Amino acid sequence: AQSVTQLGSHVSVSEGALVLLKCNYSSSVPPYLFWYVQYPNQGLQLLLKYTSAATLVKGINGFEAEFKKSETSFHLTKPSAHMSDAAEYFCAVSDQGDYKLSFGAGTTVTVRA
Amino acid sequence: GAVVSQHPSRVICKSGTSVKIECRSLDFQATTMFWYRQFPKQSLMLMATSNEGSKATYEQGVEKDKFLINHASLTLSTLTVTSAHPEDSSFYICSARDPRGRGNEQFFGPGTRLTVL
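Just so you know, the protein sequences line up as chains X and E, in that order. Mapping to our numbering: the first sequence position 7 is 7, numbers consecutive. Mapping to our numbering: the second sequence position 61 is 61, numbers consecutive.
Source of the hints: derived by calculation from the structure; they are not laboratory data. Don't take each hint at face value.
[Unchecked claim] A few chain X residues facing chain E, derived, Cβ under 8 Å:
no., residue
1, 3
2, 7
3, 8
4, 32
5, 39
6, 44
7, 48
8, 49
9, 63
10, 77
11, 103
12, 106
13, 110
14, 112
15, 113
[As the list claims (entries may be wrong)] Heads up, simulated DSBU-like pairs for lysine-lysine below, C-alpha to C-alpha not over 35 Å straight-line:
no., chain 1, residue 1, chain 2, residue 2
16, X, 100, X, 69
17, E, 41, E, 64
18, X, 69, X, 58
19, X, 100, X, 22
20, X, 100, E, 14
21, X, 58, X, 22
22, E, 41, E, 14
23, X, 68, X, 100
24, E, 66, E, 20
25, E, 14, X, 69
26, E, 64, X, 68
27, E, 41, E, 55
28, X, 69, E, 64
29, E, 14, E, 55
30, E, 20, E, 64
31, E, 66, X, 100
32, X, 58, E, 41
33, E, 55, X, 100
34, E, 66, E, 14
35, X, 22, X, 69
36, X, 22, E, 41
37, E, 64, X, 100
38, X, 68, X, 22
39, E, 66, E, 41
40, E, 66, E, 55
No experiment lies behind these values; they were computed from the predicted model shown. Idealized CB from N, CA, C, for every residue including glycine.
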């Protein structure tokens, strides 16, 4: 079964600063990879996904992630943080032959004015 | 994009009662739906995979008789928490897979906050 590790349970950035959230997966075969965002008491919204196409994936709200097979990583970045980016972020992985998603522990992002 | 709804969004019940939560795919037919449980400040834990017209597949450690799942149509799956107790209080989230999509993407409902008194 796939597993995913998110480094850092909490990230604090200043408004306008770079946001970097780290995600590593365990698999010898490139899986499907996802980043989701969750606001308090809400469901999950997809930010972006990697499905074996371009390794640099652009998502909504200015986020992007790069798939690096050699590092088994799929880190999420945003060049300039906005106050509205404060939320919980989850990295998820899925085998290509299995519809289940395995989620990381999540990273809480706070944005300082 | 694909939309998934959940009802109710919040429910408070007495210990020993049963609670039903509905999950609907609004603009697509979902042959597969998933039910998750999320405790405060924690990640999502997959409880079961719901397949239309067949029995749900439960994850290890999830009580089948406690959490009844029915996927009677291509747009509706229900989770019934039977004889609920305070330890069942949690945030329950459903998701649905759009078979038209690529890459196993799941679309999530807004969640249901269950509080058992």
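Structure-based check of all given hints:
At its closest, the beta carbon of residue 3 (chain X) sits 12 Å from a beta carbon of chain E; the interface hint therefore is violated under the 8 Å criterion. For residue 7 (chain X), the suggested interface contact is broken, since its CB lies about 14 Å from the closest CB of chain E, more than 8 Å. Given the 8 Å rule on beta carbons, the hint for residue 8 (chain X) is violated: about 14 Å separates it from the nearest Cβ of chain E. Nearest Cβ of chain E to the Cβ of residue 32 (chain X): about 5 Å, under the 8 Å cut. The hint holds.
For residue 39 (chain X), the interface hint is violated, since its Cβ never comes within 8 Å of a Cβ in chain E; the closest pair sits about 10 Å apart. Because the closest C-beta pair between residue 44 (chain X) and chain E is about 4 Å apart, less than 8 Å, the hint holds. Because the smallest distance between the Cβ of residue 48 (chain X) and any Cβ of chain E comes to about 10 Å, over 8 Å, the interface hint for this residue is violated. For the restraint placing residue 49 (chain X) at the interface with chain E, the shortest Cβ-Cβ distance is roughly 6 Å, inside the 8 Å limit, so the hint holds.
Because the beta carbon of residue 63 (chain X) sits about 16 Å from the nearest beta carbon in chain E, more than 8 Å, this interface hint is broken. The criterion of a C-beta within 8 Å of any C-beta in chain E is not met by residue 77 (chain X), whose closest approach is roughly 21 Å, and the hint is violated. Look at residue 103 (chain X): its Cβ gets to within about 5 Å of chain E, closer than 8 Å, so that hint holds up. Nearest Cβ of chain E to the Cβ of residue 106 (chain X): about 5 Å, under the 8 Å cut. The hint holds.
Taking 8 Å as the C-beta contact cut-off toward chain E, the hint placing residue 110 (chain X) at the interface is violated, the least distance being around 14 Å. At its closest, the beta carbon of residue 112 (chain X) sits 20 Å from a beta carbon of chain E; the interface hint therefore is violated under the 8 Å criterion. Evaluation of the residue 113 (chain X) hint against chain E yields a violated restraint, the C-beta minimum of about 23 Å exceeding 8 Å. Pair hint residue 100 (chain X) plus residue 69 (chain X) holds up; C-alpha atoms about 21 Å apart against a cutoff of 35 Å.
For the proposed pair residue 41 (chain E) and residue 64 (chain E), the alpha carbon gap of about 25 Å is at most 35 Å, so the pair holds. A threshold of 35 Å between alpha carbons decides the hint, and for residue 69 (chain X) with residue 58 (chain X) the separation of about 17 Å falls inside it, so the pair holds. A hinted pair counts as satisfied when its Cα atoms are at most 35 Å apart, and residue 100 (chain X) with residue 22 (chain X) qualifies at roughly 21 Å. Distance restraint check for residue 100 (chain X) and residue 14 (chain E): the Cα-Cα separation of roughly 33 Å lies within the 35 Å cut-off, and the hinted pair is therefore satisfied.
Pair hint residue 58 (chain X) plus residue 22 (chain X) holds up; C-alpha atoms about 16 Å apart against a cutoff of 35 Å. This hinted pair checks out: residue 41 (chain E) and residue 14 (chain E) have alpha carbons roughly 25 Å apart, not beyond 35 Å. At most 35 Å may separate the alpha-carbon atoms for a hinted pair to count; residue 68 (chain X) and residue 100 (chain X) meet this at roughly 22 Å. The hinted pair formed by residue 66 (chain E) and residue 20 (chain E) meets the criterion: a straight-line CA distance of about 12 Å does not exceed 35 Å.
The hinted pair formed by residue 14 (chain E) and residue 69 (chain X) fails the criterion: a straight-line CA distance of about 50 Å is larger than 35 Å. Restraint check for residue 64 (chain E) and residue 68 (chain X): not satisfied, since their Cα atoms lie roughly 39 Å apart, outside the 35 Å limit. Restraint check for residue 41 (chain E) and residue 55 (chain E): satisfied, since their Cα atoms lie roughly 31 Å apart, inside the 35 Å limit. A C-alpha spacing of about 38 Å is found between residue 69 (chain X) and residue 64 (chain E), which places the hinted pair above 35 Å, so the restraint is violated.
The suggested pairing of residue 14 (chain E) with residue 55 (chain E) holds, with an alpha-carbon distance near 28 Å, which does not exceed 35 Å. For the proposed pair residue 20 (chain E) and residue 64 (chain E), the alpha carbon gap of about 15 Å is at most 35 Å, so the pair holds. For the proposed pair residue 66 (chain E) and residue 100 (chain X), the alpha carbon gap of about 22 Å is at most 35 Å, so the pair holds. A threshold of 35 Å between alpha carbons decides the hint, and for residue 58 (chain X) with residue 41 (chain E) the separation of about 27 Å falls inside it, so the pair holds.
A hinted pair counts as satisfied when its Cα atoms are at most 35 Å apart, and residue 55 (chain E) with residue 100 (chain X) qualifies at roughly 16 Å. Restraint check for residue 66 (chain E) and residue 14 (chain E): satisfied, since their Cα atoms lie roughly 16 Å apart, inside the 35 Å limit. Distance hint between residue 22 (chain X) and residue 69 (chain X) is fulfilled; the C-alpha atoms sit about 14 Å from each other, no more than 35 Å. With a CA separation close to 18 Å, the supplied pair residue 22 (chain X) and residue 41 (chain E) stays within the 35 Å bound.
In summary, the hint linking residue 64 (chain E) to residue 100 (chain X) is supported, as the alpha carbons are separated by about 18 Å, within the 35 Å threshold. The suggested pairing of residue 68 (chain X) with residue 22 (chain X) holds, with an alpha-carbon distance near 12 Å, which does not exceed 35 Å. For the given pair, residue 66 (chain E) sits about 24 Å from residue 41 (chain E) by alpha-carbon distance, which is consistent with the 35 Å threshold. The straight-line distance between the Cα atoms of residue 66 (chain E) and residue 55 (chain E) is roughly 15 Å, inside the 35 Å bound, and the hint therefore holds.
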